[in-house]
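K.L.:
Sequence:
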Amino acid sequence: MTPLSEQELHQLAMNIVGKELEEQGFEFLAVNSKPKKDPQFVALKNKKLHFVVVRAITYPVNPVEYDQKLMKTVYDHAVKYKARTYFAGVGLANSRDYDMPVHHEDDYVVNYAGLIEVKE
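Quick note: the sequence shown uses the UniProt record's numbering, first residue 1, plus one each step.
If you are wondering where the hints come from, they were derived from the structure by calculation, not from laboratory data. Note that CB positions come from ideal geometry on N, CA and C, so glycine has one too. Keep in mind that the hints are not guaranteed to be accurate.
[Said to hold, decoys possible] Under the rule of at most 20 Å between Cα atoms (straight-line distance), these lysine to any residue pairs were calculated in the SDA-like manner:
1) K37 <-> M1
2) K82 <-> K34
3) K69 <-> R84
4) K19 <-> N46
5) K34 <-> H10
[As the list claims (entries may be wrong)] For each label pair, taking beta carbons as the anchor points, the in silico distance ranges come out as:
6) K80 <-> S5: 32 to 38 Å
7) L70 <-> E23: 40 to 46 Å
8) Y98 <-> D67: 20 to 26 Å
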């Protein structure tokens, strides 16, 4: 059984967040699918700019906890563009056994609480 690579986990998280953004009426201006090249999404909604940082988080790490320093950097950058800043942590786990890596052959469980707005 081949575990998903870091890039594949990231792509999975990007797809989950991207679908949610589309459903909420966001218009994508830029999409960066490279892990740790932030923000992953620059989007427009109601004529307002939004920066979204996406992270694939594997069990047992809590997907709503984020790197404060990183998000402060992204926030400071967003302020220059009058943009709002969000963190989207997508928890991913093997559905058969949470302690096993996510594999190509197994189903997975998603723990995603939605966009978390980062303010100063």
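K.L.:
The structure should be examined with respect to each hint, and the outcome stated for every one.
P.N.:
Status of the hints after comparison with the structure:
no.	hint	in the structure
1	K37 <-> M1	29 Å, violated
2	K82 <-> K34	24 Å, violated
3	K69 <-> R84	17 Å, holds
4	K19 <-> N46	18 Å, holds
5	K34 <-> H10	8 Å, holds
6	K80 <-> S5: 32 to 38 Å	34 Å, holds
7	L70 <-> E23: 40 to 46 Å	26 Å, violated
8	Y98 <-> D67: 20 to 26 Å	23 Å, holds
Violated hints for the displayed structure, listed by number in ascending order: 1, 2 and 7.
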